[in-house]
Amino acid sequence: LMANDEQATVRALDAARGVFRRQIEAQRGRVIDMAGDSVLAVFDTASGAVTAALEAQRQVEGLAARVPAEQRMRFRIGIHLGDVIEKADDTVYGDGVNIAARLEGLAEPGGITVSDSIRSAVKGKVAASFEDQGEQTVKNIADPVRVWRMVGAGAATSVGMATPAMATTATPSIPEMALSLPDKPSIAVLPFTNMSGDPEQEYFTDGITEDIITELSRFHSLFVIARNSSFTYKGKAADVRSVAKELGVRYVLEGSIRKSADRIRATAQLIDALTGAHIWAEKYDRVLADIFDLQEELTRSIVMAIAPHIEAVELHGILRRQSQNLGVYEKSISAWAKAWSAYLHSDVRLRDKGLAEALAEAEAALAIDARSSRAWHVKAFVHWRRYYLGAAPDRTAAWQAGMSAATAAIEIDRNDCDAYALKALLLTVPADARLAVQALPCAQRAYELNPNNMTALAAIAFSELAAGLAQDAALHLHQALRLSPRDPLRQELYLMLATASLFAGEYADGVEYALLGITEAPQMPALHGYLAMNLIGLGDIAKAKEALDTERQLAPAWTERILGGGSIFGKPVQRRRITTFLRVAAGLENPSAADALR
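Note that the numbering used here has the sequence shown beginning at -11, numbered continuously upward.
These are calculated hints, taken from the structure and not from any lab test. Predicted model only: the values in this text are computed from it and were never measured. Some hints could be false.
To be verified - Pairs of lysine-lysine, DSSO-like flavour, derived with a Cα cap of 27 Å:
(1) K222 <-> K75
(2) K222 <-> K233
(3) K224 <-> K247
(4) K222 <-> K172
(5) K341 <-> K271
(6) K111 <-> K75
(7) K224 <-> K127
(8) K224 <-> K271
(9) K172 <-> K233
(10) K559 <-> K533
(11) K111 <-> K247
When you get a sec, could you build the whole thing from the sequences and use the hints?
Structure representation (structure tokens):
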């Protein structure tokens, strides 16, 4: 490249170096050397090294895409986990460095290879998969090295990364994840554009989009990105190929809705992001009375376009069970939009106000038609949140109202995934062992009905945590993060992962998950609490006290309740560990009390 255009090559190399330095530092790594076109860096955690490598390859590939193929600068990366010798002048030596360098030489241009120790350390913790390349004999290393190729890395110059075998509590950043394509047809449905010129119709347009996502998600043969991540693109001019890359899907659906008087016009187009080809497009012009037929026809067309192998009998299962009264439909989706918006509020006053408005609108819809399943969903959802957050004037009454609403929705439709999921969440929160026994089968039913549904995944993970099945919960939580990689509520998924790690005794992981959540939501008290507990698990009392002090400042009453044994988890071993670890952090119990529970 230098021979062809020296100045352009130097500029490209400087830009790439900047990418590597930023990503290494973002993951609390340290650049040891940047001689020529190589980079050597060390990290305190394996996941930090892998995350930095994935994001660096993604960004460098983006830089390369701007120039002709023959002028592109691509990097190979090798990562190894092992001890290194660090000298006073900050240089590092040892087999750890040598193996990382050899792994780099085995990588493809734009690719990443890792040793078996790295793969074992990060499996299930990063959004990438691994292909076994077998044992390789490498120069100047006595024993063969088991090599894995990371799938989902960006696509030759040299980079080596080594990470010492020790943990850190430094706050990691949250990068965009490099995601490999699933092994079945995958699609993201972008929020349809409201073309009516009336802001009041936004909720109607969003409701149509949500229904398409819901119906597509029923097909086990498809991989459908969750609504939470799809809606992060709302109101943005998004490049379809970038969206597909960020979400890890092949197909992207986009469209628009125009509603005026008694008519509705919808347009939709399906794009194959790998080729950029428009593989299907359609216009629909209908009277509003046919809204449910329109939704069914649109969804059926999409499914037929991207998954012709789906059984015809399953296609006929799209039939909706919603109320046929359009006024009820509009009220119920408006209520759901308000409930969801309130759920995202960090401001307690605005959150409570939004939940109250959503509940009132759901009640208005049910007054017209008591068989509006979505309105029952809203009621169950609002009462669950109020109970969980302690925001209800009468928590017992709120729980009973939520249970009644979820049960009513199930009676309307025995295949209602959301209703079973909400009922499971309600059965879990009172920390009553008799109820918790019922929660897991209910959550499993929701998951069986729709494994692509985020509420079902949250419900089954939460129910598994309550049942003491921490490893099973972690698997479902990682599935949720893959289905919704841009989820605006991923801090709650990280909180549950920190909880699962605490219960499993994997305290270093618990610290990392809690810190990831805090990066997303620094004002969320429970994240600081579970950070403190996992730090106690690691024996770091000083830092645990700092985390607990932050939690106390954010939610003093909640903290005192937990210190007094008020955890929502009902199993004695869980409650003992939570209460004891937190009391040790608070200086209320001797550290030896935690030793006995590790």
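Each hint tested on the structure:
no.	hint	result
1	K222 <-> K75	violated (51 Å)
2	K222 <-> K233	holds (17 Å)
3	K224 <-> K247	holds (21 Å)
4	K222 <-> K172	holds (26 Å)
5	K341 <-> K271	violated (39 Å)
6	K111 <-> K75	violated (31 Å)
7	K224 <-> K127	violated (51 Å)
8	K224 <-> K271	holds (22 Å)
9	K172 <-> K233	holds (16 Å)
10	K559 <-> K533	holds (25 Å)
11	K111 <-> K247	violated (48 Å)
Of the hints listed earlier, those the structure fails to meet are numbers 1, 5, 6, 7, 11, in rising order.
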